[in-house]
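2 protein chains.
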Amino acid sequence: MAEHTVTFDIAPEPVHVPTGTLIVEAARLAGVDIQQPCGGQGRCGRCAVLITEGTVRRRSTLRLSPEDIAAGYALACQTVVEGDVMISVPPQEKIERRLTTDRTAAEVTVPAGYDPAQAQTIRRIKLTLPPPSMSDQTDDWSRLQTALRQQAGITETHASLALLRKMGPVLRAGDWQVTAILDAEAWDCLECPARLIDLRPGHLPDDAPLWGVAVDIGTTTVTLWLVDLLTGEVRAQVAEYNGQIARGEDVISRIIYASKNNGREELRNLVLETINALLETACKRAQADPQDVVKATVSGNSTMMHLLLGIPAESIRLTPFVTAINHPPTLPAREVGLAIHPEGTVDCLPGVASYVGADITAGVLSSGLDDAEQVTLFMDVGTNGETVLGNREWLVTCACSAGPAFEGGGVEAGMRATKGAIEEVWINGETFEPTYRVIGGGKPRGLCGSGLISLLAEMFLTGVVDKGGHINAALPTPRTRVGERGPEYVIVWAGESGTGHDIAITHVDIDNLLRAKAAIYAGFTVLAESVGVSLESVEQVLIGGSFGKYINVEKAVEIGLLPDMPWDRFQFLGNTSVRGAYLALLDREARARIKDIAARMTYLELSADNTFFEAFTSALFLPHTDLSRFPTVQAAIVS
Amino acid sequence: MAEHTVTFDIAPEPVHVPTGTLIVEAARLAGVDIQQPCGGQGRCGRCAVLITEGTVRRRSTLRLSPEDIAAGYALACQTVVEGDVMISVPPQEKIERRLTTDRTAAEVTVPAGYDPAQAQTIRRIKLTLPPPSMSDQTDDWSRLQTALRQQAGITETHASLALLRKMGPVLRAGDWQVTAILDAEAWDCLECPARLIDLRPGHLPDDAPLWGVAVDIGTTTVTLWLVDLLTGEVRAQVAEYNGQIARGEDVISRIIYASKNNGREELRNLVLETINALLETACKRAQADPQDVVKATVSGNSTMMHLLLGIPAESIRLTPFVTAINHPPTLPAREVGLAIHPEGTVDCLPGVASYVGADITAGVLSSGLDDAEQVTLFMDVGTNGETVLGNREWLVTCACSAGPAFEGGGVEAGMRATKGAIEEVWINGETFEPTYRVIGGGKPRGLCGSGLISLLAEMFLTGVVDKGGHINAALPTPRTRVGERGPEYVIVWAGESGTGHDIAITHVDIDNLLRAKAAIYAGFTVLAESVGVSLESVEQVLIGGSFGKYINVEKAVEIGLLPDMPWDRFQFLGNTSVRGAYLALLDREARARIKDIAARMTYLELSADNTFFEAFTSALFLPHTDLSRFPTVQAAIVS
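For the protein sequence lines, the chains are A and B, in the order given.
Our numbering applies: residue 13 is where the first sequence begins, and numbers increase by one.
Our numbering applies: residue 13 is where the second sequence begins, and numbers increase by one.
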């Protein structure tokens, strides 16, 4: 096949590729990063590049106008090279890469009476071996196993080849005094031998550091807690955007991206880079050595779990929507690729279904829903809206695709809840002038999830939008106008904004927000109906997801995201996923409990019938087609 | 540190190394192979090179004469670079790399009533899974585990990450019909879940190939049998010199070599290359795909086992002579580095002590000694002389370092039992003219072990040597003479030899042979004494080691290698080590038995007291100081 030269204006060197190569492929070879938020499906249009010279073939031109095409634009993910080509790459929208972690830091209470000797599966044991002699020529490994049996009651031990290789020298360096670190319990095999993680010469002091990490891999954000296993204390909390974001903003886009070429390996490496960078940051902050981190528990939705382990996730998005694996086996860190101690344990928490993953079982664990007496609703408001309903007797769950609107995705002015994000908005009912609060003070640069909810509620109550979400362009204010993207409302004028541009919300944005809230609302209503429970009889609503923590309930009810019930029934729990991972990291009973939760939960597939679609359609209004469901909102509108 | 340029006359490019670099190191960098039969200890003198220019420092000059040193010779393993140097490498003695495998091919009888369904730990199972549907969204892995439980009674299964990665696509490619290959039993953990080795789409026919290999890693020779696991038949037998030979001829030299720099990794790679090349040859011969080889059992002495696994072996040669591990855990082939199916099982057989390894337990297993009613002596005559004495009630064992003389090492004209080797010699008592038989016919190139034993016996009986092994140079024959290396006896004149040189045996050679036979004889006599058993009461003598197979008992008794007892008590079993590996490969009962053998055997450390040394010294004569121990030899001499 013919070879062509592809020259990118921002790459140091041209690359040579055969006919038919996608521009994104050529870009990868050239070291040029082209964002593909839709996962390379040709849907988002964000990978458009300018062909300044040469022949290409456009497979799809969705999102490109005839003028764009005439000017030479092409979607990099949908266009193949057919000759020598010169390509100009427009500046990529840079994702704000640094989270303000203070904002997301959670208050963590160490479980009462935490005693590592009782609760930990990790054991650190000081051993004194009788040295070998001409009258006792037992081999090192048997000698060590005997000491573990006699001095620590560990009947069977398994060691990796790496450990067996270092064993002899370590035993001798410590003059037959050693400290063994073991994991006494593999999740998938309670009967299996304890696994030797490390062997150190001499007797480590009792207060020598011993660390664990709890990790939550969100589709958007990865959170890592560094935990002192001796005390149970969280010594550092760090969070960062998932490095996979530029390869798809939601799980479906990621799965599609992963199914192409070496996409799976690429996504795996990207999330590992994110986690390992977080690990480094956390360790620096707590002055910990990553080699002393001997255990990790990992939570996250099923797609994130598959991508972390490099397991094909295609079946998750294709009917009948099954995962390859809901509960991965316990693995050593070297196999997973985590930069903790290479023999350290990695326990991925168990999920339930394609769209109800470990993040939800972890949420149920940390919220205590599985032990609740009252009927309780647990919601994880994120890119996917997962809901669990139940109590200590029964648990049902479902999931709906809310989209990333509440995490700042799919909304022009959306951003994460970080410095510069508007988190609350008020609109004057007469002048339609807004006031707002910005995280960290200073000039606003966009709106985070709570800001968008607040804005939408205010726009609705003041009549800036109608119940269908349509902007009333006839209002006597310059803030409503028809812009390039249709009708919009300007929250911040360019002069006051941190970006130097107007910050506005468009009709398209509102549509995305309506879809997100409708999906979530429809999810839990259908779930409740399926088990014959009325929403009124739900005695508490627990809301997980780091975004959830900052929602103003009143506003969320006003837009119809949350059910209209007394506010004291709502409780915001923050990132329940990482909290569940933290509990499982500390306590073997919590481990047993989350396994039990995964086994007990009945999964309701929403796409299996029409009920969900009808409920979704009815919820696409502000607050809902059926206003009687929202009596307090009805009252507010009337007033 | 200063960098110097080292130029080898036979290397394409010079290399650059810092001051103090050993010449062997520089040679390795330059891709020049310098043999170090003594493992780089500076003892054998075989790595001598000529320094034609530049400055070096000789740490040791053992084996070099003042003239050699004056001429510029230096031991590559003992000399460091101190400036730019030019080095000339003399032609290296080439080890004859190709064994005549026909000669070593063993007759193998498949164990009676072999039924893989009963005997094999490897199971190949055809499964038909119910496809997932909207009403059954079980994850793939649970679905597969359920099928294994319900359709094959396998309650728990473990899969590697690699298997989990391929599982989903395979299940779908086979339209939910798959063939699973599992190993139902890990040696070190009988309670552990079965291990999934492979998953193939569709139902493989019952006669689809399923292979195993039995491997014996000898210090000198590696033997591999390719076994059809469906029938138990050995379909190819191959053998080759252990690629580590040039890095030390005996285990001690190898251990020393392994302890230097990256010697351990180098030796590991060398033996893996040998095994993997044998595997390729065997697979070609039987038209087998190495990916269908799903299990390997490995036998060999303790040092070979440590070196195969890359486990430090230093403690084996240092008092109190302990191994790092006698029984390695079951490992997947990818971790060991064997080129069979990467998830295939590698079971290293269990050893007993530093110098009584898996080769001996395998020998006991395949000889049936552990089940014998009579008191039986088992000997493995190789580089190490290991002896086991016992019966079904008790087993004792010891080892002595015989040296490689009987395998053709340490003897000028010694060679392996391959084409061109003299395997039997007769000397005319009046003319002192020899006649001989050559393996494969044709011109002789040296003597193999049985030839050396035969030669020594004949020389003794005809008075060419006295009981102390001294050559009588006064005999009326040109065949005894004093050569460069002292007194010698010429077996083949240059004109008749395949090498074009005289083939002679020197006093030094005889000394090595005497030491080898004395060590072996002393070993089993001390062992018998230790348990109060007289040699006469030993009812059978089983001799293992591929060399043993061709020994002429009469001659071996005449030189005092074997005890003087009725010939019908002797039985030559060939390579009992690979045979034991073969049995363990086929039959889970044999696996259990060899574990039991290793546990039952009492090891006698010969270096622990003086008894052995005294017995050894007494045996350094032909046939022995105490002639009364050899009545038939006494009679022969007198006659």
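Keep in mind that the hints are not guaranteed to be accurate.
[What the hints assert, rightly or not] So the derived label-pair ranges between C-beta atoms look like this:
1) B/ASP219 <-> A/ASP621: 29 to 35 Å
2) A/GLY95 <-> B/GLN189: 53 to 59 Å
3) A/GLU292 <-> B/ARG71: 42 to 48 Å
4) A/GLN303 <-> B/LEU202: 29 to 35 Å
5) B/ASN281 <-> A/GLU292: 31 to 37 Å
6) A/GLY95 <-> B/GLY32: 29 to 35 Å
7) B/GLU424 <-> A/PRO354: 48 to 54 Å
8) B/TRP406 <-> A/LYS138: 36 to 42 Å
9) A/PRO181 <-> B/ASP80: 54 to 60 Å
10) B/GLN189 <-> A/ALA83: 33 to 39 Å
11) B/THR31 <-> A/GLN303: 30 to 36 Å
12) A/LYS138 <-> B/GLU245: 50 to 56 Å
13) A/ARG161 <-> B/ARG71: 26 to 32 Å
[What the hints assert, rightly or not] List of simulated lysine-lysine pairs, BS3-like, C-alpha gap at most 30 Å:
14) A/LYS272 <-> A/LYS178
15) A/LYS607 <-> B/LYS272
16) B/LYS178 <-> B/LYS138
17) B/LYS296 <-> B/LYS178
18) A/LYS178 <-> A/LYS138
19) B/LYS455 <-> A/LYS178
20) A/LYS431 <-> A/LYS455
21) B/LYS178 <-> A/LYS272
22) B/LYS272 <-> A/LYS178
[What the hints assert, rightly or not] Which stretches of chain B does chain A cover? Using the computed rule of at least three CB atoms under 8 Å from a CB of chain A, they are:
23) 23 to 29
24) 161 to 171
25) 429 to 443
No lab work stands behind these hints, which were simulated from the structure alone.
If you're wondering where the values come from, they're calculated on a predicted model, not measured in any experiment.
Quick reminder that beta carbons are idealized off the backbone N, C-alpha and C, glycines included.
Going down the list of hints, with the structure as the test:
1. A hinted range of 29 to 35 Å for the beta carbons of B/ASP219 and A/ASP621 is inconsistent with their spacing of about 48 Å.
2. In this structure, A/GLY95 and B/GLN189 break the distance hint of 53 to 59 Å, their C-beta atoms being roughly 47 Å apart.
3. Taken as a hint, the range 42 to 48 Å holds for the pair A/GLU292 and B/ARG71, whose Cβ atoms sit roughly 45 Å apart.
4. Hint check: A/GLN303 to B/LEU202, Cβ distance near 33 Å, so the stated range 29 to 35 Å holds.
5. About 33 Å separates the C-beta atoms of B/ASN281 and A/GLU292, a value consistent with the hinted range of 31 to 37 Å.
6. Between A/GLY95 and B/GLY32 the CB atoms are about 58 Å apart, so this pair departs from the stated range of 29 to 35 Å.
7. Here the CB-CB span from B/GLU424 to A/PRO354 is close to 50 Å, well matched to the stated 48 to 54 Å.
8. At about 39 Å, the CB distance of B/TRP406 to A/LYS138 agrees with the hint of 36 to 42 Å.
9. A hinted range of 54 to 60 Å for the beta carbons of A/PRO181 and B/ASP80 is inconsistent with their spacing of about 38 Å.
10. Between B/GLN189 and A/ALA83 the Cβ separation comes to about 54 Å, which falls outside the hinted range of 33 to 39 Å.
11. Take B/THR31 and A/GLN303: their Cβ atoms lie about 34 Å apart, and the range 30 to 36 Å holds.
12. Between A/LYS138 and B/GLU245 the beta carbon distance is about 53 Å. The supplied range of 50 to 56 Å therefore holds.
13. In this structure the hint that A/ARG161 and B/ARG71 lie 26 to 32 Å apart at CB is violated, the actual value being about 46 Å.
14. Annotation: proposed proximity of A/LYS272 to A/LYS178 is violated, straight-line Cα distance about 41 Å (limit 30 Å).
15. Using a Cα cut-off of 30 Å, the hinted pair A/LYS607 and B/LYS272 is violated, with the two alpha carbons roughly 49 Å apart.
16. Of the pairs offered as hints, the one joining B/LYS178 and B/LYS138 holds, with about 17 Å between alpha carbons and a cut-off of 30 Å not exceeded.
17. Straight-line distance between C-alpha atoms of B/LYS296 and B/LYS178 comes to about 27 Å, which keeps the hinted pair within the 30 Å bound.
18. In summary, the hint linking A/LYS178 to A/LYS138 is supported, as the alpha carbons are separated by about 17 Å, within the 30 Å threshold.
19. A hinted pair counts as satisfied when its Cα atoms are at most 30 Å apart, and B/LYS455 with A/LYS178 does not qualify at roughly 51 Å.
20. Distance restraint check for A/LYS431 and A/LYS455: the Cα-Cα separation of roughly 9 Å lies within the 30 Å cut-off, and the hinted pair is therefore satisfied.
21. Among the hinted pairs, B/LYS178 with A/LYS272 is consistent with the structure: their alpha-carbon atoms are about 16 Å apart, no more than 30 Å.
22. A C-alpha spacing of about 16 Å is found between B/LYS272 and A/LYS178, which places the hinted pair at or below 30 Å, so the restraint holds.
23. Residue count for the stretch 23 to 29 of chain B with a Cβ under 8 Å from a Cβ of chain A: 0. That is fewer than the three needed, and the coverage hint is violated.
24. Residues of the stretch 161 to 171 of chain B lying with their CB closer than 8 Å to a CB of chain A number 3, which satisfies the three-residue condition for coverage.
25. Requiring three or more residues with a Cβ within less than 8 Å of a Cβ of chain A, the coverage given for the stretch 429 to 443 of chain B is violated, as only 0 such residues are present.
The earlier numbered hints that this structure contradicts are 1, 2, 6, 9, 10, 13, 14, 15, 19, 23 and 25.
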